[in-house]
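Given the structure of chain A, go ahead and fit chain B onto it with the hints provided.
Number of protein chains: 2
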Amino acid sequence: MLTQPLLYSLQVLALCTYPELLESDGFPEDAKCKARSIMKQLDNGSVGSYSVAYITQHVPQRIASFIQRRDGAIPSDPRNIIVCSGATQGILTIISLVTNTEEPLRTGIMISVPRYSVYMDAIVLSGAVPVDYPLDEENEWALNVQSMRESLYIARKHCNPKVLCVINPGNPTGQVQSRECIEEVIRLAAEEKLLIFADEVYQENIFAPGSTFHSFKKVLFEMGPQFSKKVQLVSIHSVSKGFHGECGFRAGFLEFVNIDPSVFEVLYLLKSFSVPPVPGVIALDVTIDPPQPGDTSYDTFIAEKQKALSNLGEKARLAEMLLNQVPGIQCNPIQGALHFFPRIHIPDKAVRLAKAKGQEPDVFFCHSLLEETGIILVPGSDFGQVQGTYHIRITIINPIEELENILNNIIGFYRKFVQEYS
Amino acid sequence: MLTQPLLYSLQVLALCTYPELLESDGFPEDAKCKARSIMKQLDNGSVGSYSVAYITQHVPQRIASFIQRRDGAIPSDPRNIIVCSGATQGILTIISLVTNTEEPLRTGIMISVPRYSVYMDAIVLSGAVPVDYPLDEENEWALNVQSMRESLYIARKHCNPKVLCVINPGNPTGQVQSRECIEEVIRLAAEEKLLIFADEVYQENIFAPGSTFHSFKKVLFEMGPQFSKKVQLVSIHSVSKGFHGECGFRAGFLEFVNIDPSVFEVLYLLKSFSVPPVPGVIALDVTIDPPQPGDTSYDTFIAEKQKALSNLGEKARLAEMLLNQVPGIQCNPIQGALHFFPRIHIPDKAVRLAKAKGQEPDVFFCHSLLEETGIILVPGSDFGQVQGTYHIRITIINPIEELENILNNIIGFYRKFVQEYS
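These protein sequence lines are chains A and B, in that order.
Reminder that position 210 of the first sequence reads as 195 in this note's numbering, one-by-one numbering, no gaps.
Reminder that position 388 of the second sequence reads as 373 in this note's numbering, one-by-one numbering, no gaps.
A hint or two may mislead.
Computed cross-link-like contacts, SDA-like style, restricted to lysine to any residue with a CA-CA straight-line distance of at most 25 Å [said to hold, decoys possible]:
1) A/178 to A/62
2) B/25 to A/11
3) A/17 to B/8
4) B/147 to A/87
Hints listed in this document are in silico derivations from the structure and should not be mistaken for laboratory results.
Excised from the complex, chain A in its bound form:
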């Protein structure tokens, strides 16, 4: 388990669910106050009602304030914010919306290699074409505009690339992109008229010392009006992916920049198939409007947050340290998010054996690991990887003792595997 769910969040949700609890002594005053203000905005004060105004007006107003606090003085307009049923649904909706299956040249969606696997499913389901661009593994998984440009130009021969998807902090790679990288990507998008889809669901999970999250929106506006008035941007965040990791609630939001309001009409139709669940939207509401200094729950909230992030940081350092000691394994710094993607050298003999079995070599490695140790890892090929390189995806969700144990087992098995096939 990542960490305990945030106490304040559960308290507010329990109060809204069963309002008789507002009379109980067992809840802090600020949680009661937040619950009362939410219930005033719910239809009939009930978590079981549709509550369209709460979802489409009240919560977007608070999200706009959250974004403004996050990005400094840059304005955010609630009318450009849509609450969705979690990030996956948001990704699918946007990719469906931009994909035109009736044009002679198919819609291209640029997506990193490696990437969160839902992107490929969404692209294929929508009838678009994936346009892969590699992250720069030698450079801590940085975005590399030169590679992006090369992929783009090749792709234009057979499809019409419209959208550039960027995942920051990285999934499954765990890096946090620098401000410079983001600026370059925005310049590329401006030149090449690409819509940027910024998957920023891990924006609150930054734990490496010196790493800072820069939102695409912030960088875009700091680059001045020649960019901020022109480049189309859709950014996504989710309640599933904060440091608290409440993935069962299914709520998130999209912010749109420079998108024509007429798009919202079509979006509304698509979205009508996925009305966000009210308890999830309440969890989102609490996430983007947490206790403030002076509130009863503030100290607890900050302590929980710091504990969650420092745990993640500690696990990240442990994983890097253990793996980078092993000849044949290279692990980039893990700066944020919840996963990492170390590269493993697979001996030629194992590569040949895997291919003879009709398997990818990393899949063969993961199957062998499972048979020998009982550990299930997702092979790199599920996320995409540069040809001839092999990876495994590991999460830092487990408690540290468990993670250490898992890593030691993987390392032990890897050493034996290399020996066996050398």
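Frame of chain A; chain B shown alone:
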């Protein structure tokens, strides 16, 4: 508001959300017991976790028991049950799944006129073709197999009808179909090789004396193995649409009969874009596994249920009585669900005026009503209606005094409208 949400349901959800409440005296023992058993099945005991086993295994087992209790001795297999994020999502998923946009002849989806409007959106979005069949308004909105057959034969000239959608109890029409009608529909589906999609989300909202809900599954199995081993059936139910009407939770389920297991693999991919929210699944769990005789909460639960249903019944009788007194308005018996669809005669002069304005006559009526009285009604044309007939959709959700007032205002306006245009 339809009714108060069910106390027991909110208690269980609050307990699961904030487990410290299990120590409190403010909750009945059976709610605590149900909450404890649910929490054992949630990942980390937390409502904020994905909880795949809870959603895909534990709850389907209890749904199968619910279906068996509902249908008598007919078996239900949890492996054929999928929990979804509400009925709308379920409808879209199934219609997408059966629609093949690459066949030369487009996929046809048979759907009643009138029908819940989401069906048309789902059909158009999926790239299928709607094949309308009229309900028999002269016969209390009964399913009429003769009309279905005529629509089907005409449609086969230009598309490939694969699915027959039936909404029972009716939305927006409020009728409950007889066992005989359902049998005839099943015979038709068997002869014509159509998959039946039975929208049974209002199955628990039956309030007219003498009306009984017959599930398609039950009737199918009672017709013997020559039908029950052959006819493909997908039935949908939702936590939104019980007598408690908890539409903000977004959870429901689909039961599949005679569907090849390989379909589930594709379904799993589509479904992965719409992971059901855990709080909603808990609400569903409680709905299909309510307090039983002898449990602490049983008497309260039964009293709430009976009150909700008798309120609906009272409002239905009032609406029929008031509207059927008015020359030019005909209202069929309202037997279940939450809406009704009275027919209104619109004078020729008004029909001509509306057409000159480029409006449907019922839209013109509803606009005039809104301007004069402030009452918003959805015009019949939004749901489909037989050409030359006009309807309005009214809900029985408002409290009875409010409904009476609304109906009297509609009637007063209708009389003036008829006078003005005669």
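_For each hint given before, does the structure comply? Return the numbers of the non-compliant ones in rising order._
none
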